Amino acid sequence: MIVETGHYALVLAFALSLVQGVLPLWGSRKGDVALMAIGPSAAIMQFVLIAIAFGALTWAYLSSDFSLLNVVQNSHSQKPLIYKLSGVWGNHEGSMLLWVLILSFFGALVALGGRRTPQELLATTLSVQAWISAAFLLFILLTSNPFARLALPPVEGNDLNPILQDPGLAIHPPLLYLGYVGFSMTFSFAAAALINGRIDAQWARYVRPWTLIAWIFLTLGIAMGSYWAYYTLGWGGFWFWDPVENASLMPWLAGTALLHSATVMEKRDALKVWTIFLAILAFSLSLLGTFLVRSGVLTSVHAFATDPRRGVFILAILVVFIGGSFVLFALRGPLLKAGGIFAPVSREGALVLNNLLLTTSCATVFTGTLYPLALEALTGEKISVGAPFFNFTFVPLFIPIFLAMPLGQVLAWKRGDFLGSAQRLTLAFILAICVGLLLAATRGEPVVSAVFAGLAVFVIIGSFAEIWTRISGSGWAPRTILSRAMGLPFSAWGTALAHAGVGVTLFGLAATGWGVERILAMRVGDQVGIGPYALTLDAVAPRKGPNYDETVARMTIRRGGVEIGQIEPSRKFYRARQMTTTDAGLRTYFLGQIYVVVTEQNASGTIDVRMYWKPYVAMIWLGALIMALGGGISLADRRLRIGVARRARVRPVVQPAE
Amino acid sequence: MLRALFASILLLMATGNVFAVEPSELLADQKLEARARAISAGLRCLVCQNQSIDDSSAPLAKDLRVIVRERLVAGDSDDAIRDYLVARYGEFILLKPPLNAGTILLWGTPPAILLIGALALLLRTRRRQADHGELSEEESRKLAAILEENRG
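One line per chain: the protein sequences are A and B, in this order.
Using the working numbering, the first residue of the first sequence is number 1060, and each one after it goes up by one.
Using the working numbering, the first residue of the second sequence is number 45, and each one after it goes up by one.
Misleading hints may appear alongside valid ones.
Residues on chain B that point at chain A, a partial pick, calculated with CB under 8 Å [said to hold, decoys possible]:
{"hint": "1", "residue": "A64"}
{"hint": "2", "residue": "V65"}
{"hint": "3", "residue": "E66"}
{"hint": "4", "residue": "P67"}
{"hint": "5", "residue": "L70"}
{"hint": "6", "residue": "R88"}
{"hint": "7", "residue": "N94"}
{"hint": "8", "residue": "F136"}
{"hint": "9", "residue": "L138"}
{"hint": "10", "residue": "P141"}
{"hint": "11", "residue": "G146"}
{"hint": "12", "residue": "T147"}
{"hint": "13", "residue": "T153"}
{"hint": "14", "residue": "P154"}
{"hint": "15", "residue": "A162"}
{"hint": "16", "residue": "T169"}
Derived EDC-like pairs (lysine to aspartate or glutamate); straight-line CA-CA distance at most 16 Å [to be verified]:
{"hint": "17", "chain 1": "A", "residue 1": "K1441", "chain 2": "B", "residue 2": "E135"}
{"hint": "18", "chain 1": "A", "residue 1": "K1631", "chain 2": "A", "residue 2": "D1642"}
{"hint": "19", "chain 1": "B", "residue 1": "K75", "chain 2": "A", "residue 2": "E1576"}
I should point out that these hints are in silico values taken from the structure, not numbers from a laboratory.
In this text, all values refer to a predicted model and were calculated from it rather than measured experimentally.
Glycine included, C-beta positions come from ideal geometry on N, C-alpha and C.
Next comes chain A alone, as it looks inside the complex (with noise of 0.2 Å):
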């Protein structure tokens, strides 16, 4: 009955998304308040609808319900809880579910913080958001129903894939999902712009808070991605330009450019055109992330036409929307008229190579991504793109955008004076020269992760060159920087926060280069140097966990001698799937990490060992969550939040509906 009342409201979410999409827009063009009204409550009301549905499903899962056909394929009675709960969306129709319930989420939040917002605008907006509703509705009900009924329920189910019975998948895909959806919010924003043609400085404030949202949790999805594959697939790598990846890095790019080219909107009301048109884009990337993966079509393009039922239909959408969208910027956008003007040396002609080398690499990427499947569809030809046309392609692009970072921030809008900005950094700089050379001569080889630890030094203390220029303006007295300080605006802090974050990133990738990896067979009692540290094997012993038996091989680190730590890699055996994962043993010290990957015992009575020492490693993937704090920062900026910049004595009149 609860899945029952679960499919039910799905289907009643699909109709009031009708509703939804029709009603209040109709009602923006006639300028009738009462339909447009309609739009924030279907909004609220789809969201609601949304999550019976999902809290259905994932009601069949903890209750382990196997007359449903999607419980029996991924998941197992003894299957820990939070598994039975990551793996409602652990599956294809699952994750379609959570989906369009976090899209419904965005809609119903902008229903409910849009008081700000003009009436006519929101109208649209959610009208927009209501049609991508719709469509991906239509598609889970269609083609990928989590509620379909086994006429004879199995006694148990087939348990969910060992490898992705792992905390990372409770916290990944939602945390990509929002970033990913999030970025429909700004697309809605923007096909509105263009449907009422009003388009401002005052649109890109209403939009900013979403881009930033979607960016803030696209960032830490990817992260958390990465960091989940660096110690579930074994062998240390981080990121493998996957597609799937690339998928999720496309919006990334486009979404960074987005959020700086909306600043200078904001600001300066320039670059209007182009801000509208990296929404559309951000979206769209996100979209055919979601195609890619999927249709199948990545396997392999014959894969997809054997079984092409959602592939179509997701490429329908994609089609529709991406077209849809793109006709009418076509058509409504040469009647936005230019904005401010600035010459070439200034924050808003940084900020515009920022958006050519960010759209470059996305293109980039989306080439490297694609061509192969075109290649193959179009001649049948099969060519691969790996890592190393990634490397070779992206990585020159993001040189010029590291070195142009801190130089932008403190040049000054509409008009900089290129010499003058540069000196500001000059302590950044020989900062960077000296941790470059220290680095080079401690560290040894290779020589290219010494200079691009270097740059990342110059990144993290270039970021804050504007602030201090900013607080240490009128005097060095320590109380007046103090109050300096704190006066500014979080934007800046946010800014500054979230550069720096790059910076952090970049040096740990820089200091990979400086990982130690050693293979070998080891017998109990065997030591092993890895770096400055050395391992010995102590024991080899079976363990028992819930729904699986693990060898486990223990191992003590000492350094210098003394005994600091254990590390315990194993093997796991899932009893349902007959499969074998592998469980990296992980050690954090000071920013670097012990890595350790073992095998079955050999006949022989040895085990196959592979170790690394990473040093700086954790700085990856704490630049990203730097970066993701600096947007959170950001987010809480007065000017965002209240929709006025300076601080004002009398509390801010809210604006009535234009």
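On the provided structure of chain A, position chain B as indicated by the hints.
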């Protein structure tokens, strides 16, 4: 879910031993071994989803790793080894495709977009400076008149 799907595909590819380079495969000569690793990282495990033979635990990847090392010991250059494998398995084995008629668009797109973008920006800046730069004669006269008026 993305990562999840990716991971599960990898798992399907993996067989029993979830290990890429095995201890028994390693060459005693450190320099040759380092070269073997570098070459392996650029070769695709043909039966895998976007994995190099250095990262893959598939039996085919192991065979290829062994071939690479045998040729290295025999004294082949890095390029000779790659050519040898391309002759046998086609260009599909190279993770960094060579520049030719079929890949010209792949290699050409990034620099083309960068160039077109930069060019478009340059033209735009010039045009707008022309639009807003100097005052026309008419405007100068008007400005002078207004200033004169205010002074008086």
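Check your understanding: Against which earlier hints does the structure fall short, listed by number upward?
Key -> none
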